[in-house]
Amino acid sequence: MKVKNALSDDKIAAGEHKRAHTSREEAASQKCAADSALAMLEAFEIGELEDLPVDSLIQILTAANAEKALLDATPVLLTIPKEQRGEFDAVALGELKQVLGEEIAVLGRSLAEADRVLKDIWAEALGCEALREVEEERQAAAEQSLLDAQNAVQARAAEEDAARETVKDR
1 MKVKNALSDD KIAAGEHKRA HTSREEAASQ KCAADSALAM LEAFEIGELE
51 DLPVDSLIQI LTAANAEKAL LDATPVLLTI PKEQRGEFDA VALGELKQVL
101 GEEIAVLGRS LAEADRVLKD IWAEALGCEA LREVEEERQA AAEQSLLDAQ
151 NAVQARAAEE DAARETVKDR
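Just so we're aligned: 40 in my numbering is position 40 of the sequence shown, and the numbers increase by one with no gaps anywhere.
The set of hints was computed from the structure by calculation and includes no laboratory data. What you are looking at is a predicted structure, and each value in this text was computed from that prediction instead of being measured. Any given hint could turn out to be false.
[Said to hold, decoys possible] Mimicking BS3-like on lysine-lysine, the simulated pairs with C-alpha atoms at most 25 Å apart in a straight line are:
hint, residue 1, residue 2
1, Lys82, Lys97
2, Lys68, Lys31
3, Lys31, Lys97
4, Lys68, Lys97
With the sequences and hints as input, model every part of the structure.
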């Protein structure tokens, strides 16, 4: 019974590990996308990049809970060449970078937490595996003890039968 419980715990731990791994991968992907968006925005700001994936940037900004006015201004802002940008454009770009920077910080904390949870679950899974192995060894030892006891009972029964035969023959 303990081996079945250990196997069940092992399966549960494997499922938790898979979910934690998926969660960690999603957090890493989101952080990578936000990091890339910020890098592209910084390159755009200094004039090194002209075409930005506006839809992707809007999607990331929406996930970061950027203000609607900023979201509405972004597509137009990203079409203005560096030489033609005014003070409002610089402020809006600064605000976009700030929103992305804050989102990156949040995603970084989420990623760190996901890493911690994944490590904890991995350690727990290793513990479950060790417990399962111990229980399997105990079960094997108990089965061997039972087999030895059954053999001893059969040997004693055979000895008893032989003794009865000897007594009958006298």
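Going down the list of hints, with the structure as the test:
1. Among the hinted pairs, Lys82 with Lys97 is consistent with the structure: their alpha-carbon atoms are about 16 Å apart, no more than 25 Å.
2. Distance restraint check for Lys68 and Lys31: the Cα-Cα separation of roughly 22 Å lies within the 25 Å cut-off, and the hinted pair is therefore satisfied.
3. Distance check on the hinted pair: Lys31 and Lys97 sit about 14 Å apart at the alpha-carbon level, within 25 Å; holds.
4. Annotation: proposed proximity of Lys68 to Lys97 holds, straight-line Cα distance about 15 Å (limit 25 Å).
Violated hints: none; the structure is consistent with every hint.
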